[in-house]
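Colleague: Here's the letter readout for the chains.
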Amino acid sequence: NAGVTQTPKFQVLKTGQSMTLQCAQDMNHNSMYWYRQDPGMGLRLIYYSASEGTTDKGEVPNGYNVSRLNKREFSLRLESAAPSQTSVYFCASRPQGTRPNSPLHFGNGTRLTVT
Amino acid sequence: GIQVEQSPPDLILQEGANSTLRCNFSDSVNNLQWFHQNPWGQLINLFYIPSGTKQNGRLSATTVATERYSLLYISSSQTTDSGVYFCAVGAMDSNYQLIWGAGTKLIIKP
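If you're matching them up, the sequences are chains L and C in order. The numbering of the first sequence is this note's numbering, which starts it at 1 and goes up by one. The numbering of the second sequence is this note's numbering, which starts it at 1001 and goes up by one.
Some hints could be false.
Stated by the list, open to error - Derived contacts from chain C toward chain L, CB cut-off under 10 Å, selection only:
1) Ile1002
2) Gln1006
3) Pro1008
4) Phe1035
5) Gly1041
6) Asn1045
7) Phe1047
8) Tyr1073
9) Phe1086
10) Cys1087
11) Ala1088
12) Tyr1096
Claimed, not checked - FRET-style restraints, in silico, Cβ to Cβ:
13) C:Thr1066 <-> L:Ser18: 46 to 52 Å
14) C:Asn1038 <-> L:Asp38: 15 to 21 Å
15) C:Glu1005 <-> L:Gly63: 39 to 45 Å
16) C:Arg1022 <-> L:Met27: 30 to 36 Å
17) C:Gly1016 <-> L:Thr115: 41 to 47 Å
18) L:Arg44 <-> C:Tyr1048: 18 to 24 Å
19) L:Glu59 <-> C:Arg1058: 30 to 36 Å
20) L:Arg44 <-> C:Arg1022: 20 to 26 Å
21) C:Asn1030 <-> L:Thr113: 34 to 40 Å
22) C:Tyr1073 <-> L:Pro61: 35 to 41 Å
23) L:Glu79 <-> C:Gln1055: 42 to 48 Å
24) C:Asn1018 <-> L:Asn65: 44 to 50 Å
Keep in mind the hints are simulated off the structure, nothing from the lab. Quick caveat, the model's predicted, so the values are computed rather than measured. Using N, Cα and C, we set each Cβ at its ideal position, and we do this for glycine too.
Go ahead and model the full structure; you've got the sequences and the hints to work with.
Modeller: Rendered as structure tokens:
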């Protein structure tokens, strides 16, 4: 049981380049999330998807777009990367649905550097 | 919005010591989780505990929802307990978003 899988693990981009971070979960969870973590801080929510077919903005959505491709997959896209987007990105999922208050499960993170 | 404060920000202990980490939150919550981020950056879910007490081995947690705080206890600390411990809460008016504290950085010395 792989849980939440993120790819890639590491990425270096130049300012203005674009890329997509991939996330997949095999736990049949309804809700999926993208967070960023900056040094010395807790996580901040970028976007989330409460269920397949829906996406909503979190605390820090500017500069990002998301796609909930199907129930398993939730991708995060940076259209024009900026140095301020240098961070560690975490994908997470949780059941929701009949269990609205349920634990989050995290992937191992993607370390992104924008030069 | 809801505020989450964790204390202490940093804690250095010798192996074998016990510790208590605190999470205060400013409003009623319907979700509270404790996470451990190990030195390799992995986030591990320790407890889902919006109220009550739970134990898992050397770790236990208590949330007193009416007084808006949660405590994480670590007994007989080991070097592998080192890392950052985060508390995250869900507000009553939201089923989806978690608000995170800034974490407690714990260093266990051998």
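Colleague: Please go over all the hints and tell whether each is borne out by the structure.
Modeller: Tested hints:
1. Interface hint at C:Ile1002: violated, since its Cβ lies 12 Å from the closest Cβ of chain L, which is beyond the 10 Å cut-off.
2. With a cut of 10 Å, the hint placing C:Gln1006 at the interface with chain L holds, because the nearest CB-to-CB distance is about 9 Å.
3. Residue-level restraint check for C:Pro1008 is violated (minimum Cβ-Cβ distance to chain L is 14 Å; threshold 10 Å).
4. Checking C:Phe1035 against chain L by beta carbon gives a least distance of about 8 Å; that is within 10 Å, so the hint holds.
5. Given the 10 Å rule on beta carbons, the hint for C:Gly1041 holds: about 5 Å separates it from the nearest Cβ of chain L.
6. Taking 10 Å as the C-beta cut-off, the interface hint given for C:Asn1045 holds, the closest approach to chain L being about 5 Å.
7. Against a cut-off of 10 Å between C-beta atoms, the interface hint on C:Phe1047 holds, since the closest Cβ of chain L lies about 9 Å away.
8. Interface hint at C:Tyr1073: violated, since its Cβ lies 19 Å from the closest Cβ of chain L, which is beyond the 10 Å cut-off.
9. Among the interface hints, the one on C:Phe1086 holds; its C-beta lies about 6 Å from the nearest C-beta in chain L, closer than the 10 Å criterion.
10. The restraint placing C:Cys1087 at the interface with chain L holds, with a minimum CB-CB distance near 9 Å, inside the 10 Å limit.
11. Restraint check, C:Ala1088 versus chain L: the minimum CB separation of about 8 Å is within 10 Å; hint holds.
12. About 5 Å separates the beta-carbon of C:Tyr1096 from the nearest beta-carbon of chain L, less than 10 Å, and the hint is met.
13. Between C:Thr1066 and L:Ser18, the C-beta spacing of about 49 Å keeps the proposed range 46 to 52 Å intact.
14. The given range of 15 to 21 Å is respected by C:Asn1038 and L:Asp38, whose C-beta atoms sit roughly 18 Å from each other.
15. For the hinted restraint 39 to 45 Å between C:Glu1005 and L:Gly63, the CB-CB distance of approximately 28 Å leaves it violated.
16. Distance hint check: the CB atoms of C:Arg1022 and L:Met27 are about 31 Å apart, consistent with the given range 30 to 36 Å.
17. Roughly 44 Å separates the CB atoms of C:Gly1016 and L:Thr115, a value that falls within the hinted 41 to 47 Å.
18. Separated by about 21 Å at the C-beta atoms, L:Arg44 and C:Tyr1048 satisfy the suggested range of 18 to 24 Å.
19. A hinted range of 30 to 36 Å holds for the C-beta pair L:Glu59 and C:Arg1058, which are about 34 Å apart.
20. As the Cβ distance of L:Arg44 to C:Arg1022 is approximately 22 Å, the hint placing it in 20 to 26 Å holds.
21. The hinted range of 34 to 40 Å is satisfied by C:Asn1030 and L:Thr113, whose Cβ atoms lie roughly 37 Å apart.
22. Roughly 37 Å separates the CB atoms of C:Tyr1073 and L:Pro61, a value that falls within the hinted 35 to 41 Å.
23. The supplied range of 42 to 48 Å is met by L:Glu79 and C:Gln1055, whose beta-carbon atoms lie about 47 Å from each other.
24. Restraint check, C:Asn1018 to L:Asn65: a C-beta distance of roughly 47 Å satisfies the suggested window 44 to 50 Å.
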